[in-house]
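Q: Add chain A to chain S, keeping to what the hints say.
For reference, the chains in residue letters:
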Amino acid sequence: MSDTSFVRTEMLPPKPAPVSQVGVVKWMRENLFSGPLNTALTVFGLLVTAWLVQAGAPWLIHGVWNANSLTECRTIIAERWGPEATGACWAIIRVRWNQFLFGFYPVEEYWRLFLTFAGLFLALAPVLFDALPRKLIWGTLLYPLVAFWLLWGGPVWGPVGVLVGFALMGLAFTRLAPKLGVPVAAGAGLILAAVVWLYAVGPFESAMQSVLPLALPEVVSDKFGGFLLALVIGVTAIVVSLPLGILLALGRQSDMVMVKALSVGMIEFIRGVPLITLLFTASLLLQYFLPPGTTFDLILRVVILVTLFAAAYIAEVIRGGLAALPRGQYEAADALGLDYWQAQRLIIMPQALKISIPGIVSSFIGLFKDTTLVTFVGLFDPLKGISGVVRSDMAWKGTYWEPYIFVAVIFFLFNFSMSRYSMYLERKLKRDHR
Amino acid sequence: MALASDPPKDGFRLSMLIYDTRFRSITIQIVVLLLFLAGLVWLLHNAYVNLEAKGKDFDFHFLWTRAGYDLAQTLIPYSNDDTHFRALIEGLLNTLLVSVLGCILATVLGTVIGVLRLSHNWLVARIMTVYVETFRNIPLLLWILLMGTILAETRPVPKDFRVTEAMKAAGEEPKASMWLFDSIAVTNRGTNVPAPVFDNSLGVVDIGWNLPVSLNALAVIAVMAASFWGWRRFMARAKAVQETTGRRPVTWWPSLLILFAPIIALLYALGFHLDYPKITKFDFTGGFQMLHSFTALLIALTLYTAAFIAEIVRAGIQAISKGQSEAAYALGLRPGRTMSLVILPQALRVIVPPLISQFLNLTKNSSLAIAVSYMDLRGTLGGITLNQTGRELECMLLMMLIYLTISLTISSLMNIYNKSIKLKER
Numbered sequence: 001m002s003d004t005s006f007v008r009t010e011m012l013p014p015k016p017a018p019v020s021q022v023g024v025v026k027w028m029r030e031n032l033f034s035g036p037l038n039t040a041l042t043v044f045g046l047l048v049t050a051w052l053v054q055a056g057a058p059w060l061i062h063g064v065w066n067a068n069s070l071t072e073c074r075t076i077i078a079e080r081w082g083p084e085a086t087g088a089c090w091a092i093i094r095v096r097w098n099q100f101l102f103g104f105y106p107v108e109e110y111w112r113l114f115l116t117f118a119g120l121f122l123a124l125a126p127v128l129f130d131a132l133p134r135k136l137i138w139g140t141l142l143y144p145l146v147a148f149w150l151l152w153g154g155p156v157w158g159p160v161g162v163l164v165g166f167a168l169m170g171l172a173f174t175r176l177a178p179k180l181g182v183p184v185a186a187g188a189g190l191i192l193a194a195v196v197w198l199y200a201v202g203p204f205e206s207a208m209q210s211v212l213p214l215a216l217p218e219v220v221s222d223k224f225g226g227f228l229l230a231l232v233i234g235v236t237a238i239v240v241s242l243p244l245g246i247l248l249a250l251g252r253q254s255d256m257v258m259v260k261a262l263s264v265g266m267i268e269f270i271r272g273v274p275l276i277t278l279l280f281t282a283s284l285l286l287q288y289f290l291p292p293g294t295t296f297d298l299i300l301r302v303v304i305l306v307t308l309f310a311a312a313y314i315a316e317v318i319r320g321g322l323a324a325l326p327r328g329q330y331e332a333a334d335a336l337g338l339d340y341w342q343a344q345r346l347i348i349m350p351q352a353l354k355i356s357i358p359g360i361v362s363s364f365i366g367l368f369k370d371t372t373l374v375t376f377v378g379l380f381d382p383l384k385g386i387s388g389v390v391r392s393d394m395a396w397k398g399t400y401w402e403p404y405i406f407v408a409v410i411f412f413l414f415n416f417s418m419s420r421y422s423m424y425l426e427r428k429l430k431r432d433h434r
Numbered sequence: 001m002a003l004a005s006d007p008p009k010d011g012f013r014l015s016m017l018i019y020d021t022r023f024r025s026i027t028i029q030i031v032v033l034l035l036f037l038a039g040l041v042w043l044l045h046n047a048y049v050n051l052e053a054k055g056k057d058f059d060f061h062f063l064w065t066r067a068g069y070d071l072a073q074t075l076i077p078y079s080n081d082d083t084h085f086r087a088l089i090e091g092l093l094n095t096l097l098v099s100v101l102g103c104i105l106a107t108v109l110g111t112v113i114g115v116l117r118l119s120h121n122w123l124v125a126r127i128m129t130v131y132v133e134t135f136r137n138i139p140l141l142l143w144i145l146l147m148g149t150i151l152a153e154t155r156p157v158p159k160d161f162r163v164t165e166a167m168k169a170a171g172e173e174p175k176a177s178m179w180l181f182d183s184i185a186v187t188n189r190g191t192n193v194p195a196p197v198f199d200n201s202l203g204v205v206d207i208g209w210n211l212p213v214s215l216n217a218l219a220v221i222a223v224m225a226a227s228f229w230g231w232r233r234f235m236a237r238a239k240a241v242q243e244t245t246g247r248r249p250v251t252w253w254p255s256l257l258i259l260f261a262p263i264i265a266l267l268y269a270l271g272f273h274l275d276y277p278k279i280t281k282f283d284f285t286g287g288f289q290m291l292h293s294f295t296a297l298l299i300a301l302t303l304y305t306a307a308f309i310a311e312i313v314r315a316g317i318q319a320i321s322k323g324q325s326e327a328a329y330a331l332g333l334r335p336g337r338t339m340s341l342v343i344l345p346q347a348l349r350v351i352v353p354p355l356i357s358q359f360l361n362l363t364k365n366s367s368l369a370i371a372v373s374y375m376d377l378r379g380t381l382g383g384i385t386l387n388q389t390g391r392e393l394e395c396m397l398l399m400m401l402i403y404l405t406i407s408l409t410i411s412s413l414m415n416i417y418n419k420s421i422k423l424k425e426r
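So the protein lines, in turn, are chains S and A. Read left to right, the first sequence gives residues 1 to 434 (the numbering used here). Read left to right, the second sequence gives residues 1 to 426 (the numbering used here).
Since the hints were derived computationally from the structure, they do not count as laboratory data. C-beta atoms are modelled at their ideal positions from N, C-alpha and C, and glycine is treated no differently.
Dumping the calculated DSSO-like pairs for lysine-lysine here, alpha-carbon to alpha-carbon at most 27 Å:
id, chain 1, residue 1, chain 2, residue 2
1, S, K15, S, K26
2, S, K354, A, K422
3, S, K397, A, K175
4, S, K260, S, K354
5, S, K430, S, K354
6, A, K159, A, K281
7, A, K419, S, K260
8, A, K278, A, K159
9, A, K168, A, K281
10, S, K260, A, K422
11, A, K175, A, K281
12, A, K322, S, K26
13, A, K159, S, K397
14, S, K428, S, K354
15, S, K428, S, K135
16, A, K322, S, K430
Interface residues of chain S toward chain A, partial, derived using beta-carbon atoms under 8 Å:
id, residue
17, G45
18, K384
19, F411
20, N415
The shape of chain S in the complex, shown without the other chains (with noise of 0.2 Å):
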C-alpha cells in the first residue's frame, strides 16, 4: 500500500510574509495609520510640517552670509532668487558676531575671554566626569578666582587675597570641627575669613602691588555683555545657588525652630515673587539699605539676586528628595553612631541628591533661561539687549527674525545638552536593577 499514499519527505520552505506585515508597510499600519483617528492625526501632522517647511525653508535656503547692511542682503537675495523671493540675512550675525557674543568687552583682550572659557571646561571637568584623576578638584576649587581675575581685570593681588582668607576658612575650619561642631566652626572660620576679606585685603593688595606690579587692563562692568554676560551670571550663580540651596533645604528639616523659620520665610518670600521685582530689588533698593557712599556693581548685584532666587527653588526641590527617603535611612545612620553632619554627607546627601537630579537641572535650566531678564535692569543680554544695539543702527534696521533664531539656537544648546547630562546622570546613578 505505499505507492498509493505521497508522503512529504522534506519541509517545505516558508512563505514570505504578507506585504502588509514586514517593512515599511507594516511599520506605517502600525504607527500611523492603526485606525481612523490615528490617521487623520497622522494627515493633520504631515500638513502642520508641510505648512512650517513651505514657510520656512525657502527663507532659509535663500539666506545670506556675506553683506554689510540690510538692503545689501535684499539686492542679494533679489538678484539671486528672484525679486520676490524673501530670505535670511544670516549677515548681521557675522558682522555683529563679537557683540552677540562678548558685548562691548575689548578687542584686544578677548584672549582672556578665551583663556576663561577654556579653563571653564578645565575645571568642569573633573566635576562632570569622575574617571578623572580626584586631584584635579583642586585646580576646580582655584578657577572662580581666576575667572574673576581673567574677566574684570586689576591687580592679581585682590584674588590672592581673597583666596588667602578662603585658606584660612579651611583652615579655621578643619581645626575647629572636631572640638566644636560643624556649625560653630563653620561660623568662626566665616568670621574669620570675613574679617581678612575686609580689613587685610585692600592694604595686602596695594603692598604687593607696589612690592611686585602684576596686573591686567581693568574692564569695567559696563562693558559686558552678550553670552558672555548670561554665561557670568549663569555660570556663577548654579555653582553658588546649589550649596546654598542643599543648606536652606536642611535648614528648612532642622530641629532648631529659629533656623527652620528663618530657612521657610526666606524661601518662601523668593518663591513667592517674580524673579523681575527682585532684579528691580537689585538695580532701585539696594543702595537704600548699603551703608552711605557704598558703590557696588551691578552685575554683582544682579548674581547675588540670581543666586538668591535659584538657591531657593533648588531648597524645594532637595527638599523633596530627602522627603522621598526612607525614615530608616536617618534611623541607620543615628544607629551606626554618625553625628548629624556625617550622616547627612555619608548617608542621606548622595541619596537625596540622586533622587532630585532631574528637578536640580531643570531649575539651572531655568535659571540660565532667566539670565536674559538682566536685560531690564540696563544689561546687555544677548537677547534683548545686544540685539537691540544691533538693531539700532541702521544698517541693520528691520531685521527681527534673524538675531531671535540665533538666540534661541544657542540657547537651546546649552539647555538641551544639560537637560541630556541629567539623562546621563540619572541612567549612571541608577541603583536598582529592574
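A: Below, chain A without anything else, positioned relative to chain S:
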C-alpha cells in the same frame, strides 16, 4: 537601664554652651537670632540714613494722589484723574486677567499635547516632543518678544482690509482678509473681535467707587447658575428613580432643555447679538479691539507653560501602572468609567501639585509684560507710578507684597487640597 556614660552631674559651666550637645543647639539658635536681628537693624538703619540724606520719607500717602497717566486697556473704568491706588488695582486686575486666561488655555493645550506625546502615532508623538523641547529650552522672554514682533510687524495695516468700489469694479481682492466668516481682523494695531450687544439692555448699576456692574451679565450668570442647579436636581431625581424602580428615565432631552432653553430665552428677550468689526476709511469700527501687548503676552505665556504642563500630564499618566486599568476592565467597568473612577483620581494626585506650581510660575512670569508694555501690576505700580513719584522703596515693597499674597494664597489652597487627597497610610 543605666546609660553607658551618665550625663555629667556637676554644675553648669559656661563652656558647656558650646561643648555640650544638649545646650549647643540653643546657643546656635540664640546666636542666629542675634545675628539676624543685628542684620535687620543694620539694614533698617542704613535705609533710614539713606532716606534722610535724600530728603525722602517712607509713607504710602502718594497712593491717594492723582495718577495723571492714561492706561490703554483696563477692566474697570479709569481716567488719568484717578488715584495711583486705582491705577494699582487696574494693573493688578490686568495681571490677574492674563494669568487666569493663560492658566486655562495652557492647561487645555498642555493636556492635549501631553496625551498626544504618549500617542502610538509615531509622527504626532515626534512633533509633540519637538514642541515640548523647543519651548522648554528657549527663554520665555524670546517667545514674548517674538509674538509681539509677529503681531506688530507682520500683520497688515487696517486699510489693507478695505474693499473700495473701484476694486470691486476691477474684481480685485483686498490685500488682507478677515478670519472666521469676517468676524476677526488681526491688524498691526490690534485684534478686532465681535463684541456682545444687548438691544433691550437692563442697564448698568454703579455699586460705588465707580464700579459699574452690567445687569445683563448678572442676569445671564444668574440664569445659567439656576439652570445648572436645576439640572443637578433633575439628574439626582433620575438616579433616585433608577435606584428604586430599576429603570432609568430618559434624561438626554430634558437635560438639554433645562440647561439651554432658559439662557436662550433670556438672550432673546434681551435682544442679544454680536457687533462685528467693520472696516471704515482708516481703521476698524465696532466690535472690540484687543491690544497686541495683551495678545502677544497671552499667546507666549500659554505656549511656553503648555510645554511644561504637557510634561506633567505625561508623567501623571505614565505613573499609573497598566495593572490599574486592566483590573478595572476585569471588574467589568467600561472605558469611560475606568477613566473617571480609576485612572483620573490616581493620576490627578500626581498631576495637580506640579500643575498648580506651573500656574504660580505663569502668574509670576506675567510680570515679563514689561517686554511688550502690557500694563500689568509691574507696569502701573512698579513702572509709571514708581517713576512719577520717585518712591522706589514703597512701590517695590508693595508690589512684592501683592505678588507674595497671590502666591501664598494659591499655595496654601494647594496644601489643603494635597492634604485632602493624600494617600491615607498606617
